[in-house]
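Undergrad: Whole structure, please, built from the sequences with the hints as guidance.
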Amino acid sequence: MYSFEPSEEQLMIVDAARKFASKELREHARNADEKGDLAAEIVHSGWDLGLLPASIPEEYGGFGERSAVTGVLAAEELAWGDLSGALAVSSANLVALPLLLSGSEEQKKEILPQFCSDSYVAGSAAVIEPRYDFDAANLKTTARADGDSYVINGMKCDVPCAAESEWMIVYAALDGKTEGFLVRKGTAGVQVKERDQNMGLKACPLYSVELRDCRVPRSQRLGGDKGTNFDVIASSSRVALAAMAVGVARAAYEYALDYAKKRQAFGEAIGRRQSIAFMLAEMFIDIEAARLMTWEAAWLLDEKRDAHREAYLAKTFADDMSLMVTDRAVQALGGHGYIREYPVEMWLRNARGFAALEGIAIV
Amino acid sequence: MISFDRPKEIDDRLAFVRQTAKTQMRPTARHFDEHEHEVPWDFINLMWDTAMRTGQSFRSGQPRPEEGPSLVSMTLVHVIETLSWGDAGIYLCGPGAGLGGAAIEATGTKEQKQRFLARYREGKPKWASMAMTEPHCGSDTAAIRTTAVRDGDHWVLNGEKIFVTSGHKSLIDSDGLSVVWATVDPSAGRAGMKPFVVEAGTPGLKVTKLEHKMGIRASDTASLVLDNCRIPLDNLLGSADVVDKTKGFKGAMATFDATRPAVAASALGIARASLELLKDILTQEGVTIRYGTPRNLLSSIERDVVEMEAQLRAAWLLTLRAAWLMDERRSNTIESSSCKVKAGDVVTRITQKAVELMGPLGYSRKLLLEKWMRDAKINDLFEGTGQINRLIVARRILGYSSQELK
Chain A
1 MYSFEPSEEQ
11 LMIVDAARKF
21 ASKELREHAR
31 NADEKGDLAA
41 EIVHSGWDLG
51 LLPASIPEEY
61 GGFGERSAVT
71 GVLAAEELAW
81 GDLSGALAVS
91 SANLVALPLL
101 LSGSEEQKKE
111 ILPQFCSDSY
121 VAGSAAVIEP
131 RYDFDAANLK
141 TTARADGDSY
151 VINGMKCDVP
161 CAAESEWMIV
171 YAALDGKTEG
181 FLVRKGTAGV
191 QVKERDQNMG
201 LKACPLYSVE
211 LRDCRVPRSQ
221 RLGGDKGTNF
231 DVIASSSRVA
241 LAAMAVGVAR
251 AAYEYALDYA
261 KKRQAFGEAI
271 GRRQSIAFML
281 AEMFIDIEAA
291 RLMTWEAAWL
301 LDEKRDAHRE
311 AYLAKTFADD
321 MSLMVTDRAV
331 QALGGHGYIR
341 EYPVEMWLRN
351 ARGFAALEGI
361 AIV
Chain D
1 MISFDRPKEI
11 DDRLAFVRQT
21 AKTQMRPTAR
31 HFDEHEHEVP
41 WDFINLMWDT
51 AMRTGQSFRS
61 GQPRPEEGPS
71 LVSMTLVHVI
81 ETLSWGDAGI
91 YLCGPGAGLG
101 GAAIEATGTK
111 EQKQRFLARY
121 REGKPKWASM
131 AMTEPHCGSD
141 TAAIRTTAVR
151 DGDHWVLNGE
161 KIFVTSGHKS
171 LIDSDGLSVV
181 WATVDPSAGR
191 AGMKPFVVEA
201 GTPGLKVTKL
211 EHKMGIRASD
221 TASLVLDNCR
231 IPLDNLLGSA
241 DVVDKTKGFK
251 GAMATFDATR
261 PAVAASALGI
271 ARASLELLKD
281 ILTQEGVTIR
291 YGTPRNLLSS
301 IERDVVEMEA
311 QLRAAWLLTL
321 RAAWLMDERR
331 SNTIESSSCK
341 VKAGDVVTRI
351 TQKAVELMGP
361 LGYSRKLLLE
371 KWMRDAKIND
381 LFEGTGQINR
391 LIVARRILGY
401 SSQELK
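If you read the protein sequences in the order shown, they are chains A and D. Going by our numbering, the letters in the first sequence line up with residues 1 to 363, in that order. Going by our numbering, the letters in the second sequence line up with residues 1 to 406, in that order.
To be clear, the hints were calculated from the coordinates, so they are not data collected in a lab. Cβ atoms here follow ideal geometry from the backbone N, Cα and C, with glycine treated the same way.
Here are some chain A residues the structure puts well away from chain D; computed CB gaps all over 12 angstroms: (1) G64; (2) N198; (3) G223.
Okay, the calculated bits of chain A under chain D, using three or more residues with CB under 8 angstroms as the criterion: (4) 2 to 16; (5) 273 to 280; (6) 285 to 294; (7) 311 to 323.
TA: This is the structure:
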């Protein structure tokens, strides 16, 4: 039966995430962007929302069950506060959720309890490669079997929280198929290099990572000898990023809407002109549509149905929508939109990341 | 709890509708496009007979229960989308209470609903139309000049209406009716606007013209002249008082809250037909769409198809939500206009893009792509143009009245 209403429990989670996003993330977003760094205490306090442990079953140390729908609801709120902060707060998902979705029983038992701690844990996933034709389904980073190990070689970039994570999942092509490998901090052959400098997401700790003859035990292939179900991981990541795109867009839309009601020109608020009002209406409509597409794809994932196409379409739509909405928000503010005193230019720079980046968040 | 699970009863209903769309509508689509004003009686009789047997109209669904949630609108948008996939022009010929019925549902009393709508559950095929637009005013509905003057136990209507969908079918081809909007007080503006039921055969009512259109040619678009047309006093839907300043107009708007998701659904049926045929041809030609591949690595055709699919899904989900709110008996004005804006845009773009991507085949009347492009455009025009619906959304989100945002 169709329903477009989150459950009571989900609404409580949304409410908590919104409060944190508004009081902590949003407050510090501009400063973090200028400094190129997030305040550690804010990221750490985001852990108190308990989002990840609530997604992990009791047998692995958590106290709940993973729901992609709940995940996208929370992700939208966090990204509404600040995208860099949202990515850092939920970086542990990058290890824990692929484990939950595709890990072997031993892997889950060994590693998941580490992600149910009371205090902040970082996690990381090395997916993206520094090349124009990067495609997660056709990676240039390779893994080859060698005795009881796999040997990984390649170059990665935009790896979230790489420096501070105890565990990282490195994705590499094994016989042409994308597989995940659980790599522990300090493993020989893994070099976390400089921070990546992007147009946006300046506060988010994204790193380049080089893998040179990095050897991991056979038991640390995600999913063990059965291998990795990369498709479900990719789809779960796409819905997360789509939800975050909705969050960033909503922030910009709300700001522009408020501005349009206050800013006077030609003797009245600019919102009373159709040129501005119609722009805002279209922004509103596409934000709503992107959210519904994200919910639908997330719901398919929760139903354990094939979500490949829906998740891809949701992200595709949300990528475009977030760029359109943030661009128009800048436009609605006129010259002020371009000035760093206002947040909208930052949201435009951040939103452009969605179409370029994959696999840096997951729900 | 968020869910996108389609209820089984809608699935069951769609089975027959799909079959009809495929075997009755699609094969005759070109014929009725090229023989404008010819009436698709086989389709009409089939839909009517089935509706009589099952008690569910294909144009207006089953009657909404007195209270509580239902699946009326949700079922309807699915049925309309599927029928319009078959053919949007023929779908609009479907018998039943349709748009006029929606106005009666939105503004009539319980007694009026029974009196005027019972005929759609028995006898021969019948239609109900709605007459709003006049030669001098379309979007500016409050500017209508058709008058209703009380004369004893009657209202006397005078004026001219245009663009009445199924006007001919409702008043000439059947014992149906038309809901005619007229003003009881031309100085009162919106407040004076009231809906009146004019039944087929009423003296003083004439169908004067059938329009020749770009698309949806199977559907009749009529002009009406009301020349001292006398109707019983209680054919005024709701109340005659010009007390509440906006009540009459609100009735019109409430009608649109219900009908805009239906129009959006029809638009999206055409869009899906177009996209499916395009994809079938591409598949035959060995073009595959690589869902999941980064967009900067896709071919131009792949990018277009992916965008068309995403846009179609976006508009469809907006439509489902507007229908769901209606069924939940919650306010859906903003969602209803939102889905109409989106669907109007999307069907226009998708059908035009499909014609473009197929090159000379797209332009040829051998395929239906060019017809769908012509059919599509009406959805951005009727039941509120894209601009009017943007205005409604904009006023709501900004919190402006119609005076503050014109």
